[in-house]
Every structure is written in structure tokens, then in C-alpha cells.
Amino acid sequence: MPAKDLDQIVNLAKRRGFVYPSAEIYGGFRSFYDYGPLGSLMLRNVKDAWLRTMVQMRDDVVLIDAAILGPPQMYEASGHLANFSDPLVDCTVCK
Numbered sequence: 124m125p126a127k128d129l130d131q132i133v134n135l136a137k138r139r140g141f142v143y144p145s146a147e148i149y150g151g152f153r154s155f156y157d158y159g160p161l162g163s164l165m166l167r168n169v170k171d172a173w174l175r176t177m178v179q180m181r182d183d184v185v186l187i188d189a190a191i192l193g194p195p196q197m198y199e200a201s202g203h204l205a206n207f208s209d210p211l212v213d214c215t216v217c218k
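Position one of the sequence shown corresponds to residue 124 (my numbering), numbered consecutively onward.
Rather than coming from a laboratory, the hints here were simulated on the basis of the structure. Just so you know, these numbers come straight off a predicted model, no measurement behind them. Check the hints yourself; a few may be wrong.
[Unchecked claim] BS3-like, lysine-lysine: derived pairs with alpha carbons at most 30 Å apart: (1) Lys-137 to Lys-127; (2) Lys-170 to Lys-137; (3) Lys-170 to Lys-127.
Starting from the given sequences, assemble the full structure and let the hints guide the process.
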């Protein structure tokens with residue numbers, strides 16, 4: 124999608140109250156948005172449609188809501204500690 128088209132969509136979404144720049148009163152947080160009243164409803168509808176299609180309409184799928192944090196042993200056993208690298212967070216000077 125051309126950048127001009129994306130800018131037009133984002134501007135329309137901001138004007139109509141779908142999204143607002145995060146921390147706008149403090150100067151904003153580049154490329155991060157909070158959902159406004161209409162955006163929150165739209166997001167909820169998208170999530171509900173996904174849930175219906177991907178989980179509720181299938182007999183071979185169940186929904187779980189698991190913890191996003193775990194004990195260090197879990198991350199070590201999965202290889203996450205030894206192999207994970209995030210280029211946006213890792214310090215290239217320290218390594």
C-alpha cells in the first residue's frame with residue numbers, strides 16, 4: 124500500500140475517533156495509537172468474528188487463556204533463554 128494511502132486512512136481514523144496517538148498530551152508516542160470509542164467497538168467486532176470463525180465453528184479447536192509470564196525453568200527448557208534475540212532491544216555495543 125502506498126504511504127500516501129496509508130496516511131489518508133490513519134488521518135480519517137483519527138478524525139472519526141477510531142484511534143488517537145498514544146500519550147498525545149505528552150507529545151505522542153510515534154507509531155502507537157489508542158483505540159477511541161468507535162475503534163474499541165471495531166476491535167471487539169473483529170476479535171468476536173475471529174473467535175466465531177476460528178474456534179466456535181470448529182470441533183477440533185478449543186479456546187484457552189494462558190498466562191503470558193512463566194517461571195525461568197520453562198523458558199530455559201524451551202530454549203528461549205539461549206536462542207532468543209530481539210534486534211530492537213539487544214545492545215549491539217555490549218555484545
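*Non-conforming hints, listed in increasing numerical order*: none
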